[in-house]
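Listed here are the chains, written in short residue letters.
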Amino acid sequence: MIEFAVETRDDGIGVVTPQGRLNMVSARRLKEILSELVAGGTHRIVVDLGETTFLDSSGLGALIGGLKSARQSGGDLRIARVSPAVMTVFELTNLDRVLRARDSVDSAFDD
Amino acid sequence: MSRRLLAIRAIVLLTAVLGLNYVIWRWLFSVNWVAWWVAVPLVLAETYSLVDSLLFGLGMWRLKERGAAPAPDPDLTVDVFIATYNEPIELVMRTARAAKAIRYPHETWVLDDGNRPDMREAAEAEGIRWITRSADWAGMPRHAKAGNLNNALLSTEGEFFLILDADQVPHPDILDKTLGYFNDEKMAIVQTPQFFENVPESDPLGSQAPLFYGPIQQGKDGWNAAFFCGSNAVIRREALMQLGVSRYVGEVEVGVHRALRAARAVLRSARRDLAPDQQEVRGALDRILAEIRQARRALGQGEPLFDVTYAFQRRVAEIRRELVTADLTALQSDLAAIAELEGIADDPDVALGTVDEDVLQQLAHRDWSPLGAVETVQALVNAVDVDRGGEAQAVMPLATISVTEDMATCMRLHALGWRSAYHDETLADGLAPEDLATMLTQRLRWAQGTVQVMFRENPLVQKGLTLAQRLMYFATMWSYMSGFAALVYIAAPIIYLTFGVLPVQALSTDFFARLVPFLVVNQLLFIVVAAGRPTWRGQQYSLALFPVWIKSFTTAFGNVFLGRSLDFAVTPKTKSAEGGRTRWDLVRPQLWAMALLAVAALVGIVRVAVGQAPVFGTVFNVVWVIFDLAVFSVIIQAARYRGFEPTPSEVPEGAAGEPHEGAA
Numbered sequence: 001m002i003e004f005a006v007e008t009r010d011d012g013i014g015v016v017t018p019q020g021r022l023n024m025v026s027a028r029r030l031k032e033i034l035s036e037l038v039a040g041g042t043h044r045i046v047v048d049l050g051e052t053t054f055l056d057s058s059g060l061g062a063l064i065g066g067l068k069s070a071r072q073s074g075g076d077l078r079i080a081r082v083s084p085a086v087m088t089v090f091e092l093t094n095l096d097r098v099l100r101a102r103d104s105v106d107s108a109f110d111d
Numbered sequence: 001m002s003r004r005l006l007a008i009r010a011i012v013l014l015t016a017v018l019g020l021n022y023v024i025w026r027w028l029f030s031v032n033w034v035a036w037w038v039a040v041p042l043v044l045a046e047t048y049s050l051v052d053s054l055l056f057g058l059g060m061w062r063l064k065e066r067g068a069a070p071a072p073d074p075d076l077t078v079d080v081f082i083a084t085y086n087e088p089i090e091l092v093m094r095t096a097r098a099a100k101a102i103r104y105p106h107e108t109w110v111l112d113d114g115n116r117p118d119m120r121e122a123a124e125a126e127g128i129r130w131i132t133r134s135a136d137w138a139g140m141p142r143h144a145k146a147g148n149l150n151n152a153l154l155s156t157e158g159e160f161f162l163i164l165d166a167d168q169v170p171h172p173d174i175l176d177k178t179l180g181y182f183n184d185e186k187m188a189i190v191q192t193p194q195f196f197e198n199v200p201e202s203d204p205l206g207s208q209a210p211l212f213y214g215p216i217q218q219g220k221d222g223w224n225a226a227f228f229c230g231s232n233a234v235i236r237r238e239a240l241m242q243l244g245v246s247r248y249v250g251e252v253e254v255g256v257h258r259a260l261r262a263a264r265a266v267l268r269s270a271r272r273d274l275a276p277d278q279q280e281v282r283g284a285l286d287r288i289l290a291e292i293r294q295a296r297r298a299l300g301q302g303e304p305l306f307d308v309t310y311a312f313q314r315r316v317a318e319i320r321r322e323l324v325t326a327d328l329t330a331l332q333s334d335l336a337a338i339a340e341l342e343g344i345a346d347d348p349d350v351a352l353g354t355v356d357e358d359v360l361q362q363l364a365h366r367d368w369s370p371l372g373a374v375e376t377v378q379a380l381v382n383a384v385d386v387d388r389g390g391e392a393q394a395v396m397p398l399a400t401i402s403v404t405e406d407m408a409t410c411m412r413l414h415a416l417g418w419r420s421a422y423h424d425e426t427l428a429d430g431l432a433p434e435d436l437a438t439m440l441t442q443r444l445r446w447a448q449g450t451v452q453v454m455f456r457e458n459p460l461v462q463k464g465l466t467l468a469q470r471l472m473y474f475a476t477m478w479s480y481m482s483g484f485a486a487l488v489y490i491a492a493p494i495i496y497l498t499f500g501v502l503p504v505q506a507l508s509t510d511f512f513a514r515l516v517p518f519l520v521v522n523q524l525l526f527i528v529v530a531a532g533r534p535t536w537r538g539q540q541y542s543l544a545l546f547p548v549w550i551k552s553f554t555t556a557f558g559n560v561f562l563g564r565s566l567d568f569a570v571t572p573k574t575k576s577a578e579g580g581r582t583r584w585d586l587v588r589p590q591l592w593a594m595a596l597l598a599v600a601a602l603v604g605i606v607r608v609a610v611g612q613a614p615v616f617g618t619v620f621n622v623v624w625v626i627f628d629l630a631v632f633s634v635i636i637q638a639a640r641y642r643g644f645e646p647t648p649s650e651v652p653e654g655a656a657g658e659p660h661e662g663a664a
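Going down the list, the protein sequences come from chains A and B.
Read in order, the letters of the first sequence correspond to residues 1 to 111 in the working numbering.
Read in order, the letters of the second sequence correspond to residues 1 to 664 in the working numbering.
Everything labelled a hint here was simulated from the structure, so no lab data went into it.
The structure displayed is predicted, hence computed values, not measured ones.
Just so you know, not all the hints are guaranteed correct.
[Said to hold, decoys possible] Residues on chain A that point at chain B, a partial pick, calculated with CB under 10 Å:
id, residue
1, M24
2, D96
3, V98
Every residue gets a Cβ at the ideal spot worked out from N, C-alpha and C, and that includes glycine.
Pulled out of the complex, with its shape left as it was, chain A reads as follows (with noise of 0.2 Å):
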């Protein structure tokens, strides 16, 4: 199973945290999550991969639609903490090419 944690800082940016197995039957989950905080006015979000210990093509489609809609909006979302299993996947289909990974959530927004 899989958990998300879900806060927001002060300023403003949105962190989601999923604890587990990111795959076909959660990251429908995701994609919700990500929706509801941009309708809720958090427009800068990061996600962070650090607690993730699997992820598939599914979650990356998650990823990218939480994307879609933060830059719809005007903001933004960002990845960080990627561990190098799960980077294997992002490589698969060349996504690291066009989203670059964070080292930290803290740092995320920085540029």
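Since the structure of chain A is provided, determine the placement of chain B on it from the hints.
Below, chain B without anything else, positioned relative to chain A:
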């Protein structure tokens, strides 16, 4: 290797050798260059047919008869999707009930693109799930069946899914017999035959495709190129999602590069038209041009694209805010053009990566006001940027470039290194069109889809495919060009019989000694690979539908290269309303061809009688005419066909389905 395969290979080799021997000799020694206007088209048509035969032989070389699949893992999660748009609710429910009764544990879904309350009620009353498009699709390109499935993929979560057309009633064991192939982790698709139960044994409309759903698919399977045909197939979700994400990345990359190029041209043109006193505006445009240069440089250096576009969009937005005060009046006239631009991605036939270079060029050369130019830059980049403003879903796992999404999707999966399998056992019973008009529409749609893929993503140059896979995809596309060859095969005997013009040097012993053995082994190959399945209908229709094949080519060409509409129609699943009247108007070109052939034969005989034509050449051509007429006779049968009336003796058996593979 089985004895059957050994025999097939021997005949394939013999066919290739005899075919090359004939056609090369024709080119070198037998073309009657004096009558080049008929001689050259004829030798080209013969060369076309030889290539078709060689590609067919290449498939047969690796004919793969898989037998039963291994037992599946008992704990897989599976969705069964029934795609519907406007089919009668009872017809959909018949399929849905059978789907629910499939033995392997699964969830059944009706994907109702028509968003019909009655459909929903009927499905849910029997415990079947119902889905229609989500709100994201409002005002977005719908992409027909591919869009319907893409929508469902984001609302469901099974590891595998079975796709069924609304009229394909599945057998209870369809999943038990196919899921085992997915024990292979790289297996993405398992296709089973499309067989139609409402077709008499004589199959007047050529609905069953016993050669395609049989040896042709088995041959492609041998080269890991078994086709996905849109229905009766099980698919691994991860494969399709991976494809969707990687396509998304590729299209965004291409799109952003093009958009930045076009944006630069728009700004330069706006800058040229500035009055000398518009210093402030010129400064702003220059700053944006600098931003474009910067963005392009960053992308060139491999900086992550999403970072680059994010920074770019923010800076342009800032500069634009400064400009608004400077220039409001000139903006009005530009707003219309900008609205048009935002519609770029709304054309259902245009994927983002394929946004037409010409459209961008036209935009670039319009006379923009400075603010209009800046707005254009923003709209351009938005249209193709990360968020894909013009699409309902950022990720579209099923290909949307073609009206038949199946072939393009399958080819892309193969290019990513996934595998497919063809399981040669009928596991669903479908309904075929029962009248000529519907049948012709359906064939045209398949042909157009295939030709579109060939024009947009030529398999011969796709990275990631093996040479054999490229050729297997190309073979199907090649077979659709038979319409042009058919024209020549009809015209050549007519021209000889009426005017005495011979396209070959001589109808000599040498000519027949090379031609006849080739024709004989070619037919022998058909007989051996078909192993008792009927092939004559398929051979007839590959010639007799020549106007359809030609139209598919010209309309797909117009669509892909000239931006015209395809006049796409959904294949109706019920008989069209005007049953009863024979629609000769639908087959007018074929009737003309038959009349001309018959008249030419008579003229030829008269010419022999009055001593104006040689006996031998005339007899040869009259035999040719008779063959052509026998082929075309199927059109008369088809036009007179009044629909299926089952009789106890006419329950067809065996595999069959989509007859879009012609004979050689």
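Enumerate the violated hints, using their earlier numbering and listing them in ascending order. When the structure is compared with the hints, none of them turns out to be violated.
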